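Our numbering applies: residue 1 is where the sequence shown begins, and numbers increase by one.
Treat each hint with caution, since some may be false.
Stated by the list, open to error - Pairs of lysine to aspartate or glutamate, EDC-like flavour, derived with a Cα cap of 16 Å:
#1 Lys266 to Glu111
#2 Lys45 to Asp89
#3 Lys45 to Glu106
#4 Lys266 to Glu84
#5 Lys262 to Glu106
#6 Lys266 to Glu281
#7 Lys266 to Glu33
#8 Lys300 to Asp234
#9 Lys262 to Asp89
No lab work stands behind these hints: they were computed from the structure. Everything numeric in this text was worked out from a predicted model, so none of it was measured.
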Amino acid sequence: MRWSGQATATVDDSALPGLARLSNLVASVQTPEFAGVTFHEILAKSALNRVPGGDSVLPFGWTINPYRGCSHACVYCFARPTHEYLDLDGGDDFDRQIVVKVNVAEVLARELARPSWHRDPVTLGTNTDPYQRAEGRYRLMPGIISALAESGTPFSILTKGTLLRRDLPLLVEAAQHVPVDIALSIAVHDDELQQSLEPGTPTTAARLATVQAVTEAGLDCTVFMMPVLPHLTDSTEHLRRAFEAVRASGATRLLYSALHLKPGVKEWFLAWLEREHPELEASYRGLYGQGAYAPTGYRKWLAARVRPLLAEYGLETGRADPATGSMHSRALDDVAAARDVLGLGPSAVLAAGGGTAVTGPAGPSLIAAERPAGARASHPRLF
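Could you put together the complete structure from these sequences and hints?
This is the structure:
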């Protein structure tokens with residue numbers, strides 16, 4: 001990727017008050033290749049974010065976010081409210097004001113070397129996509145992968161980014177030493193709708209090709225068909241087309257869940273819906289007017305439509321959690337079992353994500369819960 005014409009700008013305190021207060025802000029960078037996008041380079045104070053143990057429904061205990069915000073610009077992204085901690089909005093700012101933790105790999109290596117680190121599973125891809133387009137410039141992931149593997153820490157990656165292919169040799173090497181789970185998020189199998197909902201992402205075909213590249217490299221790959229959108233991607237025709245494409249890609253399994261719209265996301269999504277599909281606005285307000293999750297009746301209807309397809313296409317594998325419906329990672333379940341046998345106590349087992357059927361609100365929001373170790377809940381310390 002060429003970054004000719006790159007400009008380094010001074011942060012405008014009035015425009016970006018939250019960022020201007022950060023003592024670790026190094027520079028703000030703009031480039032013609034990313035028209036309208038500004039990258040705010042910071043020196044991270046921490047890399048590992050702890051998910052509080054009290055939220056037992058979450059299947060992982062630690063996360064890493066190399067970036068804040070995401071140029072994928074997915075209209076339905078549940079992480080949009082994280083930008084509000086920086087006095088930025090969860091709409092255009094989330095898509096265009098991207099925080100880059102330029103030293104995240106070095107900080108991570110130091111944290112993993114601490115005697116107190118117990119090599120608990122770590123996941124990437126919760127509040128930002130680690131393989132969004134900026135990764136082509138900053139190359140943060142190779143250092144992160146190496147640090148995790150060298151420390152003996154199991155990890156999982158969820159992405160929409162085809163740039164993951166660049167790091168396949170490194171991931172294959174890491175998998176020789178630690179459990180590695182890889183998942184591609186592929187929710188929409190209609191090209192026009194996909195570009196409208198996810199305007200900054202690679203095409204569905206490109207992501208399916210990435211799944212194939214992962215499996216041909218000898219690694220398992222899960223596909224997240226999340227979210228399923230009522231009236232837009234839940235028809236029998238669309239679902240069957242999705243399952244056929246996913247199976248052809250060589251994916252190991254498929255996980256799905258219905259759309260959920262939390263405050264800060266709901267407003268942004270409904271504004272898109274009013275512009276692009278006004279005929280569905282009343283239906284969505286009926287479905288999501290009283291809460292973030294689709295009604296139980298809709299989720300049961302969707303499960304009845306999807307579960308037979310999971311069985312038919314051989315894409316339902318793993319161990320189901322009877323409490324949540326989630327399908328756990330086989331590799332990382334083995335890690336959890338080994339830790340218990342060794343007397344290391346309960347471990348947060350990392351799932352490749354979500355559930356085969358999300359049954360409803362599952363404890364505190366990951367957005368609110370996720371924070372660096374030691375940070376107080378009332379003041380999420382993001383960097």
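Has the given pair, Lys45 with Asp89, been kept, meaning a C-alpha gap of at most 16 Å? The given pair, whose Cα atoms are some 23 Å apart, is violated under the 16 Å limit.
When you check the alpha-carbon spacing of Lys266 and Glu33, does it fall within 16 Å? violated (30 Å)
Below or equal to 16 Å on CA atoms is what counts here, so check Lys266 against Glu84. It holds: about 15 Å lies between the C-alpha atoms, which stays within 16 Å.
Would you check the hint for Lys300 and Asp234, treating anything up to 16 Å between C-alpha atoms as holding? Satisfied, since the Cα-Cα distance of roughly 13 Å is no more than 16 Å.
Is the hinted pair Lys262 and Glu106 satisfied, with a Cα-Cα distance of at most 16 Å? violated (34 Å)
Does Glu281 sit within 16 Å of Lys266, going by the straight-line distance between their CA atoms? holds (12 Å)
Can the restraint linking Lys262 and Asp89 be considered satisfied, given a maximum Cα separation of 16 Å? holds (15 Å)
Is the hinted pair Lys45 and Glu106 satisfied, with a Cα-Cα distance of at most 16 Å? holds (10 Å)
Can you confirm whether the C-alpha distance between Lys266 and Glu111 stays at or below 16 Å? violated (36 Å)
Consistency note: the structure conflicts with the earlier hints numbered 1, 2, 5, 7.
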